[in-house]
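Taking the hints into account, I'd like the entire structure generated from these sequences.
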Amino acid sequence: MSTMIQYVLMIVIVLLTLTTIAAWLIWLERRMLALWQDRYGPNRAGPFGLLIVVADTIKLFFKEDWIPPFADKTIFVIAPPIIGTTVLMSFVIIPFAPGILIADLNIGLLFFLAMSSLGVYSIVLGGWASNNKYSLLGALRGASQMISYEVFMGLSLMGVVMLSGSFRLTDIVIAQKGCWFIITQPVGFVIFMIAGIAETHRLPFDIPEAESELVAGFHSEYSGMKFGMFFIGEYMGITLISSMVVTLFFGGWLGPAFLPPLVWFTLKTFVFILFFILLRASLPRPRYDQLMEYGWKILLPVALLNLIITGGIVLMMNK
Amino acid sequence: MDIAFYITAFVTVISTIMVITRHNPVHALLYLIISLLSISVIFFLLGAPFAALLEIIIYAGAIMVLFIFVIMLLNLGKETAKQEKEWLKPKVWIGPAILSAILFVELIYLITIAHAASYNLQTVDPKAVGISLFRPYLIGVELSAMLLMAGVVGAAHIGQHKKIILHRFLKEKDPL
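Just so you know, the protein sequences line up as chains A and B, in that order.
The numbers in the first sequence follow this note's numbering, run straight up by one, and end at 319.
The numbers in the second sequence follow this note's numbering, run straight up by one, and end at 1176.
Calculated directly from the structure, the hints in this document are not laboratory data.
Treat the hints loosely; a few may be bogus.
[Said to hold, decoys possible] DEER-style ranges, computed between Cβ atoms:
#, chain 1, residue 1, chain 2, residue 2, range
1, A, R287, B, I1063, 25 to 31 Å
2, B, I1102, A, T57, 36 to 42 Å
3, A, L262, B, L1121, 34 to 40 Å
4, B, G1151, A, V187, 24 to 30 Å
5, B, I1108, A, V187, 51 to 57 Å
6, A, P186, B, G1151, 43 to 49 Å
7, A, Y294, B, K1091, 43 to 49 Å
[Said to hold, decoys possible] No farther apart than 30 Å at their CA atoms in a straight line, the calculated lysine-lysine pairs in the DSSO-like style are these:
#, chain 1, residue 1, chain 2, residue 2
8, A, K63, A, K133
9, B, K1085, A, K177
10, A, K319, A, K177
11, A, K133, B, K1078
12, B, K1078, A, K73
13, B, K1078, B, K1089
14, A, K73, B, K1089
15, A, K319, B, K1127
16, B, K1085, A, K73
Yeah, the Cβ is synthetic: ideal placement off N, Cα and C, and Gly gets one too.
Rendered as structure tokens:
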């Protein structure tokens, strides 16, 4: 019974922390973008403009929750929660620190891939149900982009699995005690990072919602808290990819002993979140066909080569 | 354990029936996704987590997205739903329904006489799957790899087209 309570407590803590972090990331992103673009950003509500998040949330709640009459109503309502659910489900397997995790599945990495592959439904169904040409185009782009980049994401992670010999994330972190996988798997890291940006459809790969061509892409028709769910889902996605990068390539909670493991994990994750924001501040959006060509003609061969070379080296070492 | 299995099996059967009876193709596909997800839960319960997750990654995550993709491109609207409604008349489905009801009764009978059919639960980890794929079933893996290769080559052949250059300035730079 006490383990049950422990489980529930852990789930509640992780859930609350993540949603809070995702909400404050909006503030962080706007402030950091402003810093890098040489302006102030939101600085009026509360100290350093921190309360802008509260103001934004209240605004979203009081907006008219409009469902267009031409939309497919059920699917229109189902679509936004899917992204948040799948991203939050992925956090189940992430070891934040020794002992601080929800489920230590022996197929953890596959679970992450499965959940991220289900996340695409949010975009596809949302765009289709809106019954709007811009939304449909955004949904089509989103579907093809996310399906293709999932392939490279999976392939890039297999090198890590080979080196650590397990799909379990705790084992992967412990396998990095001697040397982080960023040193032994740099190519895998780069591919995973690029695929992760494409999976969360963040700038520069925010082609499903490219506002200069498609109004707002798949969520053109959404307003109020339904739009808010897409928005929060995106920020939780950033947190997820950052913490996966940290777990898989940067030694997870490992670090010099003067700070506790959880602090190391959080610090590393925030470095990657800032990197995501820096990408948004600095890179232009590629054209749609360029994105697809780049994926299939460069990332796929490189990922396969990485896999073959890693396999060969592992075989040689084991002999 | 048994209760969990029966609940998931019930969800699977109901959602699969809903796939057949929906008039709107996208709604039918959504039920099919639920059916696939619940089948993956059944795999989990039977001690095959690897197969369960592959079911989600490949079927629910990739193949069904492509199905929805195609349906979105075809832009099937209210007319298709109406057509489906006309096609799905009792005259069409009553024959197969009776036949499968007979099979169902037979199945229940078989289950009840095979008393205490205890499945011995043995979790199959990814390593065991890999070993059996690349030792006894290696020939199957290689044959399916060849089949996939043939599919890719065929798709590339059908999909290729000459590059059309629409602008004269581009023509000078790129003599393809």
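Check: Between B/K1085 and A/K177, is the straight-line Cα distance small enough, at 30 Å or below?
Finding: Distance of about 62 Å is beyond 30 Å: violated.
Next item on the list: Mind checking the hinted window 51 to 57 Å against the Cβ distance between B/I1108 and A/V187?
Entry: The hint (51 to 57 Å, Cβ to Cβ) holds, given that B/I1108 and A/V187 are roughly 56 Å apart.
Notebook entry, point to check: Would the pair B/K1085 and A/K73 pass a check requiring their Cα atoms to be no farther apart than 30 Å?
Noted result: holds, 20 Å
Margin query: Against the 30 Å threshold, does the CA-CA distance of A/K63 and A/K133 hold or violate the hint?
Written below: holds, 24 Å
Margin query: Looking only at beta-carbon atoms, does the pair A/L262, B/L1121 fall within the given range of 34 to 40 Å?
Written below: Because 36 Å falls inside the window, the suggested range holds.
Item checked: Supplied distance hint 25 to 31 Å, evaluated on CB atoms of A/R287 and B/I1063 -> holds, 28 Å
Checklist line | Pair hint outcome, A/K133 versus B/K1078 [Cα-Cα no greater than 30 Å] | finding: holds, 17 Å
Next item on the list: Quickly compare the C-alpha distance for A/K73 and B/K1089 to 30 Å and report which way the hint goes.
Entry: Given that 30 Å is the threshold and the Cα spacing comes to 26 Å, the pair holds.
Notebook entry, point to check: CA of A/K319 to CA of B/K1127, is that 30 Å or under?
Noted result: holds, 19 Å
Check: When you check the alpha-carbon spacing of B/K1078 and A/K73, does it fall within 30 Å?
Finding: Distance of about 14 Å is within 30 Å: holds.
Next item on the list: Return holds or violated for the Cβ distance of A/Y294 and B/K1091 against the range 43 to 49 Å.
Entry: violated, 54 Å
Item checked: Beta-carbon spacing of A/P186 to B/G1151 - inside the hinted bounds 43 to 49 Å or not -> Given a distance of about 33 Å, which is not inside 43 to 49 Å, the answer is violated.
In summary, the numbered hints that this structure violates are 2, 6, 7, 9.
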